[in-house]
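Protein chains in written order, with our numbering: chain V, 313 to 711; chain X, 313 to 711.
Misleading hints may appear alongside valid ones.
No copy labels: a pair is met if it fits in one copy or bridges any two.
[Claimed, not checked] Capping the alpha-carbon separation at 25 Å, the derived lysine to aspartate or glutamate pairs in DMTMM-like fashion look like this:
#1 Lys419 to Asp522
#2 Lys339 to Glu322
#3 Lys699 to Glu494
#4 Lys554 to Asp360
#5 Lys550 to Asp360
#6 Lys594 to Asp558
#7 Lys550 to Glu495
#8 Lys388 to Asp452
#9 Lys550 to Asp364
#10 Lys400 to Glu430
#11 Lys350 to Glu322
#12 Lys385 to Glu494
#13 Lys463 to Asp320
#14 Lys488 to Asp551
#15 Lys323 to Glu406
#16 Lys633 to Asp558
#17 Lys594 to Asp411
#18 Lys521 to Glu587
#19 Lys462 to Asp360
#20 Lys488 to Glu322
#21 Lys463 to Glu700
#22 Lys550 to Glu534
#23 Lys550 to Glu365
#24 Lys545 to Glu690
#25 Lys427 to Glu588
#26 Lys554 to Asp364
Hints were generated in silico from the structure; no laboratory data involved. This structure is a prediction, so every number in the text was calculated from the model and none was measured.
2 protein chains.
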Amino acid sequence: MKISYRYDLEKTARQMILIHRADTLIKLILRTIIKSVKVRHAGVFIYDNSRDEYVVKVSRGHSGFKVPVGFVKIKKDSPLIRYFTDAKLSFSKEALSLDQIKRLRAKFGKTPLKKTIEELYFNLSFYKAKLCIPAFFRNDLIGIFFLGDKKNGRAFNRNEIGFLSVLASDAVMALKNAGLIEELNNQLAINNRMFLQTVSALASSIEAKDRYTSGHTERVTEFSLVIAGRINKHRKIKDWAKFIKDLRIAALLHDIGKIGVPEAILNKPAALTPEERAIIEKHPLIGVNILNHIAEFSNVLAGVKHHHERYNGGGYPSQLKGKQIPLIASIIALADAYDAMTTDRPYRSALSREAAIKEIQENRGRQFAPSVADAFLEAYGQIDKEKEKENGRVMASVS
Amino acid sequence: MKISYRYDLEKTARQMILIHRADTLIKLILRTIIKSVKVRHAGVFIYDNSRDEYVVKVSRGHSGFKVPVGFVKIKKDSPLIRYFTDAKLSFSKEALSLDQIKRLRAKFGKTPLKKTIEELYFNLSFYKAKLCIPAFFRNDLIGIFFLGDKKNGRAFNRNEIGFLSVLASDAVMALKNAGLIEELNNQLAINNRMFLQTVSALASSIEAKDRYTSGHTERVTEFSLVIAGRINKHRKIKDWAKFIKDLRIAALLHDIGKIGVPEAILNKPAALTPEERAIIEKHPLIGVNILNHIAEFSNVLAGVKHHHERYNGGGYPSQLKGKQIPLIASIIALADAYDAMTTDRPYRSALSREAAIKEIQENRGRQFAPSVADAFLEAYGQIDKEKEKENGRVMASVS
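Pulled out of the complex, with its shape left as it was, chain V reads as follows:
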């Protein structure tokens, strides 16, 4: 093999291992083929698991024929595939050239193989392919690279075919690797979504026990995420990706402890007695008890436990003050208070949005942490369409 091919191979192999998108990989490989072997165009059929056939993934070339991507497919029992996979038919597993088909035609043109050979000829001609290189992973044919004319018009030599075979086998491994990483990433995304949806569904079902709080969990979660987004704009929150993930879970679960409060108290349509109030005020700690053996939930628990603390120390259950209150809890506390103020409750009807905002302004530094109140007021302080759009954008960026 020519030294220059070896360098190309090494360089490409080294790039390939860090590319984790199949399409990008295939483009890189075809670019390498076109540049190194100097062909007019090149393309690849890749086995598509879900369709159980081979489809053209990318076809590249500066001049000449362009194969329409995605539309063209080859069935597993077509002569081109069987040429490489069918033990009875296989003449060589390394490559198939148009010239070789011509030789086969001369030799077997009057035998039962005639039809197969004519179909092969038709296949290659259709794609203007002068050479096909199979790419195997163990015994599975993963794909077939096809190349058009060389720019100098000559036939492909041993050296080139050797280079292309090694490149094809490297490509298969890089594709397997990329496929694995893509699959793991997909699985993670699916699991994350399933987790949040399940937690959200269960939280809502528990919330439904409390007839006064329909939609509360969802709204508190949304307000919390918007507030956090604003805070993070001004001073970067440490380990932001994890913070926002924990905040979302904590907001969804902040009232989970209410499952431990009797329905009669939750739904009492009058003012609560001190004893009843004491029972309700246990809900943050009940929430912690429900969730506290989950190893990854230490921040989440801080949010659940302290979402009724007040900046001036007047809250519960721990009477934390000022900076003692974890940020995650301060954010949920404000979101929770705002939603409570703006919805009807057993003992009073809803405040208007303006009145609730005024209440938050007045309690900045008393009930609410100043930085959290500021972020809230920045997001919700003025009621106009532009703000709403901006909040929508913040939500999208943390989702």
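Following the hints, put chain X in place on chain V, whose structure we already have.
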């Protein structure tokens, strides 16, 4: 570079991409080094993120010195690391040999660099290293390979150093790739555990509303998994990994709809009126309503919805019969019934284990699907220590 090195490089690179365990990769690379360059031993310092220093990962060689793995570490500010990373100090980034240190000593031995050079000499001597090859990813020093004497006693030549440098850079990429895959797999395992723990915690908290069913969810889940394991031993259940995952979630959530049943009915210490019974019997459908927008839950929903169907069509909510009842629901139905029989309920006290098993035998083919009843009886039918152990093994294999 010698042709044989190029072949070794290509072969190793091709193996590396499919290895996803860092330790296995490092062993492969050191094996390649020892075989190709014919050295007495070789090892590697790898940067350890959590410790922020370099540790010896593996040291290999048939003869001579063996470096104790894991114990030996080099700090980031040691001369050996700074030789490759400190712009002010760097003489060459490609390699560092003992001979080169001797030359440096002769040249700079009377300058302020003396101490650094002596420490370098000491470092290399300590590991019996004749040559060090750095491995960079972009500008980060990921590791340093070190090699002992060549078996033929000669010095390392340009060719060998070139080969080792390319191998080191390939190794770094393979390690990054393996690290990414390991991390994704870890993340998936953590997320799965967190998901199950959270669902389990929430399910238990909801169950706690029903004073008669403490621990019920957990036991039904365990019985269900053991039964499924037995069935799968006799006839392979299709898509087993997904089946067992769904079964676990469905068993945890089978009674989730009870959240929609008033506490007064759930905890009524007397027989229920027909109206009250009708309300309780809504719980499978309420469960479905809570969970039905979760895309991945189609099998889970079948389990939740139909866990009160009976094989003879006498159950609810859909009066399914025989093979119409999804397997996942038939398994939970039996596990649920057995646990209900063997625990105290408002209207009757618990049956003995023997009586409950007899009940299940008698209702095989009536209330319970025959194959599920058989699997249950196989697992729990005889009460002896061996059975318990066997069930423990089945549980472990499905967990």
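* Are the CA atoms of lysine 545 and glutamate 690 at most 25 Å apart within a copy, between copies, both, or neither? -> Classified as within: same-chain Cα gap 11 Å, cross-chain 62 Å, threshold 25 Å.
* Is it within, between, both, or neither for lysine 350 and glutamate 322, if the alpha carbons may be no more than 25 Å apart? -> Answer is both: 18 Å inside a copy and 23 Å across each meet the 25 Å cutoff.
* How would you label the pair lysine 633, aspartate 558 (within, between, both, or neither) given a Cα cut-off of 25 Å? -> within (22 Å within a copy, 45 Å between copies)
* Which holds for lysine 521 with glutamate 587 at a C-alpha limit of 25 Å: within a copy, between copies, both or neither? -> both (20 Å within a copy, 20 Å between copies)
* Between lysine 339 and glutamate 322, at a C-alpha cutoff of 25 Å, which is it: within one copy, between copies, both, or neither? -> both (17 Å within a copy, 21 Å between copies)
* Is it within a copy, between copies, both, or neither that the alpha carbon of lysine 554 lies no farther than 25 Å from that of aspartate 364? -> between (40 Å within a copy, 22 Å between copies)
* How would you label the pair lysine 462, aspartate 360 (within, between, both, or neither) given a Cα cut-off of 25 Å? -> neither (29 Å within a copy, 49 Å between copies)
* Copy assignment of lysine 419 with aspartate 522, given that the CA separation must stay at most 25 Å -> neither (85 Å within a copy, 83 Å between copies)
* Identical-chain pair category, lysine 550 with glutamate 365, by Cα at 25 Å -> Cα proximity of lysine 550 and glutamate 365: across copies only (24 Å, versus 48 Å in one copy).
* To do: Measure nothing new, just compare the shortest in-copy and cross-copy C-alpha distances for lysine 699 and glutamate 494 to 25 Å and report within, between, both or neither.
  => neither (37 Å within a copy, 43 Å between copies)
* Asked: Quick one: lysine 427 to glutamate 588, C-alpha cut-off 25 Å, is that within a copy, between copies, both, or neither?
  -> neither (88 Å within a copy, 75 Å between copies)
* Intra- versus inter-copy proximity for aspartate 551 and lysine 488 (alpha-carbon distance at most 25 Å) -> Between. Shortest inter-copy distance 22 Å satisfies the 25 Å Cα cut-off; intra-copy 32 Å does not.
Of the numbered hints stated above, those contradicted by the structure are hints 1, 3, 17, 19, 21 and 25, listed in ascending order.
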